[in-house]
Amino acid sequence: MIYRSHVLVCGGTGCTSSKSMEIIKLMNELLRENNIENEVKVIHTGCFGLCEKGPIVVVYPEGATYSRVTLEDVKEIVEEHLVKGRIVKRLLLGDKDAEDVSKALEEVGFFKHQVRIALRNCGVINPENIEEYIARDGYRALGKVLTEMTPEQVIDVMKRSGLRGRGGAGFPTGLKWEFAAKAKGDQKYVCCNADEGDPGAFMDRSILEGDPHTVLEAMAIAGYAIGANQGYIYVRAEYPIAVNRLRVAIDQAREYGLLGKNIFGTDFSFDIDLRLGAGAFVCGEETALMTSIEGKRGEPRPRPPFPANKGLWQKPTILNNVETYANIPEIILKGPEWFASIGTEKSKGTKVFAVGGKIMNTGLVEIPMGTTIRQMIYDIGGGIPNGKKFKAVQTGGPSGGCIPAHLIDTPIDYDNLIALGSMMGSGGFIVMDEDTCMVDIAKFFLEFTVDESCGKCPPCRIGTKRMYEILDRITKGQGEDGDIEKLELLAKNISSSALCGLGQTAPNPILSTLRYFRDEYEAHIYEKRCPAGVCKELLRYVIDENKCKGCSLCARKCPVNAISGEVKKPYHIDAGKCIKCGACIESCKFGAISKMA
Amino acid sequence: MSEMVTLTIDGREVKAPVGSTVLEAARIAGIKIPTLCYLKDINEIGACRMCVVDVGARSLQAACVYPVSEGLKVVTNSPKVREARKVTLELILSNHDRKCLTCVRSENCELQKLAKELNVGDIRFEGQNNHLPIDDLSPSIVRDPNKCVLCRRCVSVCKNIQTVAAIDANERGFDTVIASPFNMALNDTPCVNCGQCINVCPVGALREKDNIDVVWDALSNPDLHVVVQTAPAVRVAIGEEFGLPIGTRCTGKMVAALKKLGFDKVFDTDTAADLTIMEEGTELIERIKNGGKLPLITSCSPGWIKFCEHNYPDLLDNLSSCKSPQNMFGAVLKSYYAKKMGIDPSKIFVVSVMPCTAKKFEIQRPELAATGYPDVDACITTRELARMIKEAGIDFNSLPDENFDDPMGEASGAGVIFGATGGVMEAALRTVVDILSGKDNDNIEYKEVRGVEGIKVAEVQVPGGMTIRAAVAHGLGNARKLLEQVRNGEEQYHFIEIMACPGGCVNGGGQPIQPASVRNTVDIRAERAKAIYSEDEALTIRKSHKNPRVMKIYEEYLEKPGSHKAHELLHTHYHSRENYPDECSRI
Chain A
1 MIYRSHVLVC
11 GGTGCTSSKS
21 MEIIKLMNEL
31 LRENNIENEV
41 KVIHTGCFGL
51 CEKGPIVVVY
61 PEGATYSRVT
71 LEDVKEIVEE
81 HLVKGRIVKR
91 LLLGDKDAED
101 VSKALEEVGF
111 FKHQVRIALR
121 NCGVINPENI
131 EEYIARDGYR
141 ALGKVLTEMT
151 PEQVIDVMKR
161 SGLRGRGGAG
171 FPTGLKWEFA
181 AKAKGDQKYV
191 CCNADEGDPG
201 AFMDRSILEG
211 DPHTVLEAMA
221 IAGYAIGANQ
231 GYIYVRAEYP
241 IAVNRLRVAI
251 DQAREYGLLG
261 KNIFGTDFSF
271 DIDLRLGAGA
281 FVCGEETALM
291 TSIEGKRGEP
301 RPRPPFPANK
311 GLWQKPTILN
321 NVETYANIPE
331 IILKGPEWFA
341 SIGTEKSKGT
351 KVFAVGGKIM
361 NTGLVEIPMG
371 TTIRQMIYDI
381 GGGIPNGKKF
391 KAVQTGGPSG
401 GCIPAHLIDT
411 PIDYDNLIAL
421 GSMMGSGGFI
431 VMDEDTCMVD
441 IAKFFLEFTV
451 DESCGKCPPC
461 RIGTKRMYEI
471 LDRITKGQGE
481 DGDIEKLELL
491 AKNISSSALC
501 GLGQTAPNPI
511 LSTLRYFRDE
521 YEAHIYEKRC
531 PAGVCKELLR
541 YVIDENKCKG
551 CSLCARKCPV
561 NAISGEVKKP
571 YHIDAGKCIK
581 CGACIESCKF
591 GAISKMA
Chain B
1 MSEMVTLTID
11 GREVKAPVGS
21 TVLEAARIAG
31 IKIPTLCYLK
41 DINEIGACRM
51 CVVDVGARSL
61 QAACVYPVSE
71 GLKVVTNSPK
81 VREARKVTLE
91 LILSNHDRKC
101 LTCVRSENCE
111 LQKLAKELNV
121 GDIRFEGQNN
131 HLPIDDLSPS
141 IVRDPNKCVL
151 CRRCVSVCKN
161 IQTVAAIDAN
171 ERGFDTVIAS
181 PFNMALNDTP
191 CVNCGQCINV
201 CPVGALREKD
211 NIDVVWDALS
221 NPDLHVVVQT
231 APAVRVAIGE
241 EFGLPIGTRC
251 TGKMVAALKK
261 LGFDKVFDTD
271 TAADLTIMEE
281 GTELIERIKN
291 GGKLPLITSC
301 SPGWIKFCEH
311 NYPDLLDNLS
321 SCKSPQNMFG
331 AVLKSYYAKK
341 MGIDPSKIFV
351 VSVMPCTAKK
361 FEIQRPELAA
371 TGYPDVDACI
381 TTRELARMIK
391 EAGIDFNSLP
401 DENFDDPMGE
411 ASGAGVIFGA
421 TGGVMEAALR
431 TVVDILSGKD
441 NDNIEYKEVR
451 GVEGIKVAEV
461 QVPGGMTIRA
471 AVAHGLGNAR
481 KLLEQVRNGE
491 EQYHFIEIMA
501 CPGGCVNGGG
511 QPIQPASVRN
521 TVDIRAERAK
531 AIYSEDEALT
541 IRKSHKNPRV
551 MKIYEEYLEK
561 PGSHKAHELL
571 HTHYHSRENY
581 PDECSRI
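Protein chains in written order, with my numbering: chain A, 1 to 597; chain B, 1 to 587.
Mixed in with the good hints, there may be bad ones.
As the list claims (entries may be wrong) - Derived pair list, reagent style DSSO-like, types lysine-lysine, alpha-carbon separation capped at 27 Å:
1) A/Lys492 to B/Lys73
2) B/Lys159 to A/Lys310
3) B/Lys116 to A/Lys492
4) A/Lys486 to B/Lys99
5) B/Lys40 to A/Lys296
6) A/Lys492 to B/Lys32
7) A/Lys310 to B/Lys15
8) B/Lys159 to A/Lys296
9) B/Lys73 to A/Lys182
10) B/Lys543 to B/Lys560
11) A/Lys315 to B/Lys159
12) A/Lys486 to B/Lys116
13) B/Lys552 to B/Lys339
14) A/Lys315 to B/Lys481
15) B/Lys293 to B/Lys565
16) A/Lys310 to B/Lys481
17) A/Lys310 to B/Lys73
18) A/Lys568 to A/Lys547
19) A/Lys261 to A/Lys310
20) A/Lys486 to B/Lys113
21) A/Lys310 to A/Lys296
22) B/Lys113 to A/Lys492
23) A/Lys492 to B/Lys80
24) A/Lys315 to B/Lys40
25) A/Lys84 to A/Lys25
26) A/Lys492 to B/Lys86
27) A/Lys486 to B/Lys86
28) B/Lys80 to A/Lys486
29) A/Lys310 to B/Lys40
30) A/Lys296 to B/Lys481
Derived from the structure by calculation, the hints contain no laboratory data.
All chains should be built: construct the whole structure from the sequences, respecting the hints.
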């Protein structure tokens, strides 16, 4: 059936939470009411990336992109746009007065600077329909590989493309495949790391939700390259939509003969099964992931032997991350030179970042390697809200570090971030403004690592706990002379002697904040002062006698009766009783109460 | 000879076999690298990070698991390496219940030794300590998680060697704790009480349930006739507690020490071992002759019995109905001996000294009370006996040798070799072959069932008669392998000996604890077994049915092996056990 209009509704986790599924249901009802259900087709897609503005609804052929669509807006879209052909300008994202609405987004910075390779199908196709993937050249790369290329040629293409692992460490993908291809073994495995665990990172989830077939196709290509016939996707159980779409995709691919025996009539057989992770962060570490697939407690094991030689069930295994896989079909189809032409000398292609924190446009963006931090924050992210000053950006999640404002013109690639004491990680990009306390931030990330340490080796199990305890004391005004040195000593030795990457990188948030913001640590320890005004124990709430009108509202709002005074005379706060909850500041109509660092 | 590679350790060229680790190569070169979690063949997981070395990689590597390669350059003793080890050790100590003065492992603690060797002074990283409940509900094993260093040796030995898997890591991060599933009390799990976990523990996190006070109380009670029996494996190991070399026979000194401690009689469990052979041999011959259930499987090892009740309830009928020597002896003491000596059995207090923690569980079995009183009243391990001797101020090493008391102090060499894997089998064969062939055979050493090979098989030709197919397994993992073959009908045997502990009783869970530094280079099982076999060789009577004391017991009291009376006193029964019962204690 041919439709005159297609309505794409984002079905990613963010938009689903803001009722995009109800929007689809209501829209279909209204289409029937208006007797145009045979003219307009509503499709739920994967994530568009701009979760901040969701739910997103795009109407084709006009290409009108509506943002923050509510159930109340649906009627208007149906009646005005779909029935009468009049664009609902008030809901348009971007230039509301653009002559050609499809171009309205062109000048929207968030989209303008993006190059979408890994995310090419997200928000464009219905992830639960294999035909739509195929229509977008899906499985053509697999066909090409199986019918026109030898495994060695595939590995050569991967090596020449310069693709490096998108899961964190940035190991060259082609090299990894070559090791596994050369390893001797009657049985080999291809694994996909979909155990995305960095706080705030959700690129893998978006790809799985928006374009699951690209991962399946790339895994089959990898299987052909290394000589494996079985794949496992290790995906977190906390991603129910992604898990479901993977299940649907695997069933469809099997039905179409794109997974299973003798794919494309060749001798190559390959199948994929899912394994659900139970939520341990460490299971994103490759050896722990494989141990978990084997049905054991998810704990890392020492390397060597590396998984390429002895991985899953001691057989040669490759493990790549979801985003890495999502690049591969395009590299095969467009050639390694095309891919290598994007990015910087040692970091080719693009990287997806989850942009969050104190920034206007939070969401998912895919940028060419080499884009500067400034471009990310101001051109794509739309700058810092409330006119605040940019202070630092945290990349790489709990294994990463904080990059200060004076390094804002650094081009983002693997090596630059490492040199600055941070890392690419899986692509977390958390922006911080002047109101952020860097000691508190270090403590936040360390708390995560302490919680997620598997407990196998003492440097991580006890060392991170001890570092956390020191940071906790410092933020509570109990820091002592020597604490910084103690942190440095622990950090250095945990880095050098922990068993796995999780432990070895756990001190990074401390090391990078010490490197760039040592003065803040010193202020906390020696002056008992939190310069950013965040650490509660170091703050004092005071009432400005000149501004206080004596209305008594703050005293009535105070939950611990710490405020007293006579009506119409200035009130005062008993610091001994005050729990620094901030209720008084919120209640004061005269701006008379403030926090003193 | 295997292929060799050349590597450099601390500037010295070292040749090491392909597939060996840096730790092993360093040992070849005489370079010592400290270790904590590593225990050869049992726990090689690179977890504790004490053995880190610099191989030029981004981070330091654990020598115990890092493979050697041609041209590898290793530094074991740089400031960076030393600092990393020391910081890690201080971190471990910062969450360790450092009650060293009163710890059962004081002076035999691998952590204490490391702290000294690495010159740890003040612990720079004090912080929160775990205060977790102690599990002392088991009659055999006490777990103190506050002393645990999470080296996982106990987990490995329980899971991989014994295939019991009663304990593993629970929780994660700083809260990680070695515990039973769902924090069940060990006593309510399929734990077989073998105590191998205690033997591998580098610290005092695992220990035997101490019954010393019960024994002191009995000894000081003038109304009681306190009798002690000692198992064969005790005499070849107790010397280690007093600094003697592994494998020193201390039978005479041990007897002398027990007499000094005040026991009214000091008897030898070996006498009961001879009794066991008479009963079990008879049972085997009867089963063979009458088409009874085969293979017959030995029942001396209480760890094995519980393992069978949990995991192979379908094989319970294959188990010999014989009680273990410990309990046979107890039953005989409270019946035959009591009558002979004119002592009321209620006044006889039987103490057993065992190389075993499972024996502590065994004496509590309600069915093991043939006379109406428990066969055995208190069971202590070799380690506990050593502590008693020390507490009493006895200078063990200077004691003159003394002999076991009459009338139950004499045993054959067959009874002695019960202490090593294959010993029960060999002892049984010595008697069974004589009985079946009707003559006194000279060839009595069945060497094919000796040694530390996991599963040993022998085909024994009875002169002028049948061929007996026999198999021996020690360590429950090996037992499981053997029993699976039997269950699947892949192999058929007449007689199987199973000992729960690897190496048999000489390596029982109650034996002196040798640290990893010793176990990594010496096979203590083989060394102690040598002493056992030398004691056998030194004896003139080496067959159970030639032991005049045993013959006298039959003559005077039990009539003949397998008699009604013998069954009442010396035999027992078994029942299947639920692995993880709904109703259980939680720790």
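Problem - Which numbered hints fail - result: none
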